[in-house]
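Novice: Spelled out, the chains give:
2 protein chains.
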Amino acid sequence: MEDLLARLSLNQITLNKFSLKDCVEACVRNNVGWIGPWRNKVAETGLAESARIIRDSGLRVSGLCRGGYFPAPTAQLRAAQIADNLRAIDEAATLGTSTLVLVCGPAPDRDIDAARGMVADGVAAIVDHAHAAGIKLAIEPLHPMFAADRSVICLTDEALTLAQKFAADDVGLALDAFHIWWDATIYEKIRLSAGRIFAFHVSDWSVPLPGIFAGRSMMGSGVIELRRLRHAVEAAGYHGPIEVEIMNESIWNRPADDVMQEMKRTFAENV
Amino acid sequence: MEDLLARLSLNQITLNKFSLKDCVEACVRNNVGWIGPWRNKVAETGLAESARIIRDSGLRVSGLCRGGYFPAPTAQLRAAQIADNLRAIDEAATLGTSTLVLVCGPAPDRDIDAARGMVADGVAAIVDHAHAAGIKLAIEPLHPMFAADRSVICLTDEALTLAQKFAADDVGLALDAFHIWWDATIYEKIRLSAGRIFAFHVSDWSVPLPGIFAGRSMMGSGVIELRRLRHAVEAAGYHGPIEVEIMNESIWNRPADDVMQEMKRTFAENV
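In the order they appear, the protein sequences are chains A and B. The opening position of the first sequence corresponds to residue 2 in this note's numbering, with each subsequent residue numbered one higher. The opening position of the second sequence corresponds to residue 2 in this note's numbering, with each subsequent residue numbered one higher.
Hints should not be assumed to be uniformly reliable.
Chain copies aren't distinguished; within one or between two, either way the pair holds.
Keeping only pairs whose Cα atoms sit at most 25 Å apart, straight-line, the calculated SDA-like set for lysine to any residue is [as the list claims (entries may be wrong)]: (1) LYS166 - ALA126; (2) LYS166 - THR186; (3) LYS265 - ARG111; (4) LYS166 - ARG79; (5) LYS42 - GLY135; (6) LYS42 - ASN254; (7) LYS265 - ASP110; (8) LYS42 - ALA134; (9) LYS18 - GLU45; (10) LYS166 - GLU189; (11) LYS22 - GLY241; (12) LYS22 - PRO256; (13) LYS265 - ALA215; (14) LYS166 - ALA76; (15) LYS166 - TYR188; (16) LYS18 - GLY59.
Since the hints were derived computationally from the structure, they do not count as laboratory data. The structure presented is a predicted model; accordingly, all values stated were derived computationally and were not measured.
Here chain A stands alone, though its shape is the one from the complex (with noise of 0.2 Å):
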């Protein structure tokens, strides 16, 4: 178990009120030792600042959330949404993490297939770049209830297959258990995903759900299979840190140390 914990990333979005520093300080005072910063975040910081920071602390950095939102209705937004993820990249390499999360954005308008065909236009046009950096390029397929506004790739299978048009160094997956687990061959699909899968998310899937965006909940309070869906994960051949992402109203209207500590106990338990 001690080897498990030593695995726990804080997601910094699950202690979204707090400032980058104040969640480094976090991980320091309850003894976690890697976080998942946001790029928002990073901002409000500065970079320069942020990398210090999280450098000071001793604290290693499981990956950057996030690039992407690739589709736009013109070549000239297009354009600029490569622009800013080639900024990521740069972001993420300052930061000291090997891993650019890619959220791939939803449709310019209702026109779906071609807004995966952006998406897979926007990696390519960034992947020399991340691979130049030393970052590795997470696809991360989004809960079909985000299909219409964050992101057009959903099922596993579906970023697979757009990550293996790239080297298997350059191109894989994000897991999120969240948006993963109700898929009926998703073990399958991670078997198939082995040596390409980059980061693995948890959180929970309670009933009535709290809300879409903020939905999520504290590991074991839902109906997640998590700890089968980490080994499934191992036996993929991921070993690397393990983020808790939780976007949830209630959690972030707690106290940092109080969410930190139920985030342990719950990791542990449930994971």
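Place chain B on chain A using the hints.
Specialist: Only chain B this time, still in chain A's reference frame:
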């Protein structure tokens, strides 16, 4: 277009605050030729009286919502669910439809695979009675956001594989655009479902979603490629009634004729 409007069916939940008699009269007044009743509303009116009201109106019944909910924690409770499904088959026959929609139900615990086995066992337990009664069982794959509380069957290919355990005349699919639109391979899955499509339902997915259960909108107000989906189910051999099934609080609060008129107009324009 007249041919298409002749296929329009009012799924009763679109006018959820009204009785079966109110809904039948709204269809007649608005020249909608089909209705898809719900069992809870039929029970309020009484089965025999409901059948009489529909028969006297001249409406045809596109399908009955709904059987299913097979998984349960004990053999006794599963048997009770099967008994209820046998009653649902008899009710469908009495109401004069050939189609019973199956919403398969959630898992009673975290073991979603076991629950899927209970669904298969449940369908097997009722299929002979359905065949004898002239009722087709239409398994409805639900959107994955309902996997924890309404249906462990989420993917169209998963529902098809389940249906294919049985004769093609007895067990097939109810395809609802709201549940399936986001799937990257949905058109291939619809093609593979040829001969097994027993129902087609429409509504739309607007952004932001107005809710989870009550999250549906009028056709054309969201992102779903409804006409493309209709053409796909037609190419797969389905030319039956098309139910408009919209759970939405603001629509439920409007006058019936107002909803019926908007339903007809947006159906003609977008489906």
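Novice: None of the hints should be skipped; say for each whether it holds.
Specialist: Hints and how they fare:
Taking the shortest alpha-carbon separations for LYS166 and ALA126, only the intra-copy value of 13 Å comes in at or below 25 Å, while the best inter-copy value is 45 Å. In this homomeric assembly, LYS166 and THR186 come within 25 Å of each other (Cα to Cα) both inside a single copy, at 22 Å, and across copies, at 18 Å. For the identical chains of this complex, LYS265 and ARG111 are inter-copy neighbours only, at 21 Å across copies versus 42 Å inside a copy, given an alpha-carbon limit of 25 Å. Taking the shortest Cα distances, LYS166 and ARG79 sit within 25 Å of each other inside one copy (20 Å), while across copies they are farther apart (46 Å).
When the C-alpha separation of LYS42 and GLY135 is checked against a cutoff of 25 Å, the pair qualifies only within one copy, where the shortest distance is 22 Å, while the shortest distance between copies is 61 Å. Proximity of LYS42 and ASN254 under a CA criterion of 25 Å is satisfied intra-copy only: 17 Å inside one chain copy versus 42 Å between copies. In the homo-oligomer, the alpha carbons of LYS265 and ASP110 lie at most 25 Å apart only across protomers (24 Å), although the nearest pairing inside one protomer, at 42 Å, exceeds that limit. Taking the shortest alpha-carbon separations for LYS42 and ALA134, only the intra-copy value of 22 Å comes in at or below 25 Å, while the best inter-copy value is 62 Å.
For a Cα distance limit of 25 Å, the shortest separation of LYS18 from GLU45 inside one copy, 12 Å, qualifies, whereas the shortest one across copies, 49 Å, does not. With identical chains, the CA atoms of LYS166 and GLU189 are at most 25 Å apart both within one copy (20 Å) and between copies (21 Å). Taking the closest pair of Cα atoms, LYS22 and GLY241 come within 25 Å of each other only inside a single copy of the chain (24 Å); across copies the shortest separation is 61 Å, beyond that limit. In this assembly of identical chains, the alpha carbons of LYS22 and PRO256 lie at most 25 Å apart only when taken from the same copy (15 Å versus 54 Å across copies).
Within a single copy, LYS265 and ALA215 get their C-alpha atoms as close as 20 Å, which meets the 25 Å cut-off; across copies the closest is 35 Å, which misses it. Taking the shortest alpha-carbon separations for LYS166 and ALA76, only the intra-copy value of 22 Å comes in at or below 25 Å, while the best inter-copy value is 48 Å. Taking the shortest alpha-carbon separations for LYS166 and TYR188, both the intra-copy value of 22 Å and the inter-copy value of 22 Å come in at or below 25 Å. In this assembly of identical chains, LYS18 and GLY59 lie within 25 Å of each other by CA distance solely inside one copy; the values are 23 Å within and 60 Å between copies.
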